[in-house]
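2 protein chains.
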Amino acid sequence: MADLIALDNPRDERLRDYTDLRDVQLRQSVEHERGIYIAEGTKVIERAVAAGHEPKSLLLAPRWLGTLSDILESTSAPAYVLDEKSIERVTGFHVHRGALAAMHRPAERSVHDVLATARRVLVAEDLVDHTNIGAIMRNVAALGFDAVLLSPRCADPLYRRSIKVAMGAVFSLPWARIDDWYAAPALLREHGFTTYAMTLSDDAVPIDAIEPAERSAVIVGSEGPGLSEHWQRESDHRVIIPMAAGIDSLNVAASTAIACWQFRP
Amino acid sequence: MADLIALDNPRDERLRDYTDLRDVQLRQSVEHERGIYIAEGTKVIERAVAAGHEPKSLLLAPRWLGTLSDILESTSAPAYVLDEKSIERVTGFHVHRGALAAMHRPAERSVHDVLATARRVLVAEDLVDHTNIGAIMRNVAALGFDAVLLSPRCADPLYRRSIKVAMGAVFSLPWARIDDWYAAPALLREHGFTTYAMTLSDDAVPIDAIEPAERSAVIVGSEGPGLSEHWQRESDHRVIIPMAAGIDSLNVAASTAIACWQFRP
Numbered sequence: 001m002a003d004l005i006a007l008d009n010p011r012d013e014r015l016r017d018y019t020d021l022r023d024v025q026l027r028q029s030v031e032h033e034r035g036i037y038i039a040e041g042t043k044v045i046e047r048a049v050a051a052g053h054e055p056k057s058l059l060l061a062p063r064w065l066g067t068l069s070d071i072l073e074s075t076s077a078p079a080y081v082l083d084e085k086s087i088e089r090v091t092g093f094h095v096h097r098g099a100l101a102a103m104h105r106p107a108e109r110s111v112h113d114v115l116a117t118a119r120r121v122l123v124a125e126d127l128v129d130h131t132n133i134g135a136i137m138r139n140v141a142a143l144g145f146d147a148v149l150l151s152p153r154c155a156d157p158l159y160r161r162s163i164k165v166a167m168g169a170v171f172s173l174p175w176a177r178i179d180d181w182y183a184a185p186a187l188l189r190e191h192g193f194t195t196y197a198m199t200l201s202d203d204a205v206p207i208d209a210i211e212p213a214e215r216s217a218v219i220v221g222s223e224g225p226g227l228s229e230h231w232q233r234e235s236d237h238r239v240i241i242p243m244a245a246g247i248d249s250l251n252v253a254a255s256t257a258i259a260c261w262q263f264r265p
Numbered sequence: 001m002a003d004l005i006a007l008d009n010p011r012d013e014r015l016r017d018y019t020d021l022r023d024v025q026l027r028q029s030v031e032h033e034r035g036i037y038i039a040e041g042t043k044v045i046e047r048a049v050a051a052g053h054e055p056k057s058l059l060l061a062p063r064w065l066g067t068l069s070d071i072l073e074s075t076s077a078p079a080y081v082l083d084e085k086s087i088e089r090v091t092g093f094h095v096h097r098g099a100l101a102a103m104h105r106p107a108e109r110s111v112h113d114v115l116a117t118a119r120r121v122l123v124a125e126d127l128v129d130h131t132n133i134g135a136i137m138r139n140v141a142a143l144g145f146d147a148v149l150l151s152p153r154c155a156d157p158l159y160r161r162s163i164k165v166a167m168g169a170v171f172s173l174p175w176a177r178i179d180d181w182y183a184a185p186a187l188l189r190e191h192g193f194t195t196y197a198m199t200l201s202d203d204a205v206p207i208d209a210i211e212p213a214e215r216s217a218v219i220v221g222s223e224g225p226g227l228s229e230h231w232q233r234e235s236d237h238r239v240i241i242p243m244a245a246g247i248d249s250l251n252v253a254a255s256t257a258i259a260c261w262q263f264r265p
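Here the protein sequences come in this chain order: A and B. According to the UniProt record's numbering, the stretch in the first sequence is residues 1 to 265, in order. According to the UniProt record's numbering, the stretch in the second sequence is residues 1 to 265, in order.
Derived from the structure by calculation, the hints contain no laboratory data. Just so you know, even glycine gets a beta-carbon here, dropped at the ideal spot from N, CA and C. The hints are all genuine.
Distance ranges between label pairs, derived from CB positions:
| hint | chain 1 | residue 1 | chain 2 | residue 2 | range |
| --- | --- | --- | --- | --- | --- |
| 1 | B | 93 | A | 104 | 33 to 39 Å |
| 2 | B | 208 | A | 69 | 39 to 45 Å |
| 3 | B | 209 | A | 32 | 42 to 48 Å |
| 4 | B | 94 | A | 104 | 35 to 41 Å |
| 5 | A | 213 | B | 202 | 31 to 37 Å |
| 6 | B | 209 | A | 233 | 35 to 41 Å |
| 7 | A | 128 | B | 14 | 35 to 41 Å |
| 8 | B | 225 | A | 89 | 30 to 36 Å |
| 9 | B | 211 | A | 200 | 28 to 34 Å |
| 10 | B | 264 | A | 152 | 32 to 38 Å |
| 11 | A | 128 | B | 208 | 29 to 35 Å |
| 12 | A | 30 | B | 22 | 24 to 30 Å |
| 13 | A | 200 | B | 179 | 38 to 44 Å |
Working from the sequences, and respecting the hints, build out all of it.
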């Protein structure tokens, strides 16, 4: 059973994992430093716990004690109980969805581990936007892909906003970061994957004219600059979603959805 | 040539079309009442003008005068020039992308007009989120659909956020509102459309098992409650995007992208 601790002071040192949740830059460094991430809302906390993640602590207003009883019973972490106004003073915003939990960040998987049994992998290059990362994780999981690999500059899938947009898919879908991005094409080849780079270049093959290989990796780049030259050159195939004239492009989450659908196992 | 008017006072009555741009509720009523919408950024203003829309006025900081010269030359609307700090005081946020324009809201098209020559139509029910409406307009246009029809409760495609997410596709893609939503299925039938309701129900046909009709309308509902019973009953086909076990669903913009791709003309 969680240790229920009533607090009145929003400046209490024990609440430091929950301060200024709207300050993206601050939070990114704080959460990595302390090895935590923030799960927001009863549903998300439940999913995180169901995925085997451990709460370091919880923060909630009294009226959510009932809703959260299963989680409170299942953990020995401290649960800080404050009135809603004080919680707002700590976090910087009104928490609609009940509770917050500072979760222990699980150990990151290795690329090798993630690729070992996968047949369909989405590889993302330099997607710095948390909403895009979250949307992509959700789409990829829904469409039966097995895993996601991220370049070093990609946004954190365990950031609060990513988790929310992903509807918790970040907890169940295997993902890993590739440290040596330059060697990534070779790495995928070594693991038996055929690579398909999504691009807007004229000489790319329409995605519906391609039969996916037994083990396929689809690579998407950021919306502005697009996929790097290196990846475009080093991938086995360059593919395009044919589009109507005069339209710049689909957003990266939409093109990923279409690509995963087209390559569905 | 635009009438260049230098102002110092952020409270100047002539700036009233630009006040409190972050207050969604206020802006929704103000913009409809005054028959305007706000175009943000040089690129968006250029696209609006290229689509035949007329500026009522412009608002910009001196350093953007050069970038906006083509537009300034092409209109006789007043262009209010203020320093950036004062602009921020008017609008409530820092305008990164240069200028703002209060555009005359174009007359809404009739449903009949929009359907007359269309072969592929996306019909949206009660999507109240501006980001979703914007994303859907962008996807639909990119994938060669001809038009979008909106239920009365759908968010405004000409709201600043929708326009931004749509990358201006709202200016070129024909769209209309259906006032009598209950009669919408019959209306589409009368116009020769076969209707395909996107649903999560068990007895729906997988979308890749269907051959789209010559004139096809795809209907999507909101993420929470899903498409209304009425539409599910009255549509010619009920279709589903098959998904991996344990995932709730795709978000509405992603499922629309896949549906439009699958039904591409």
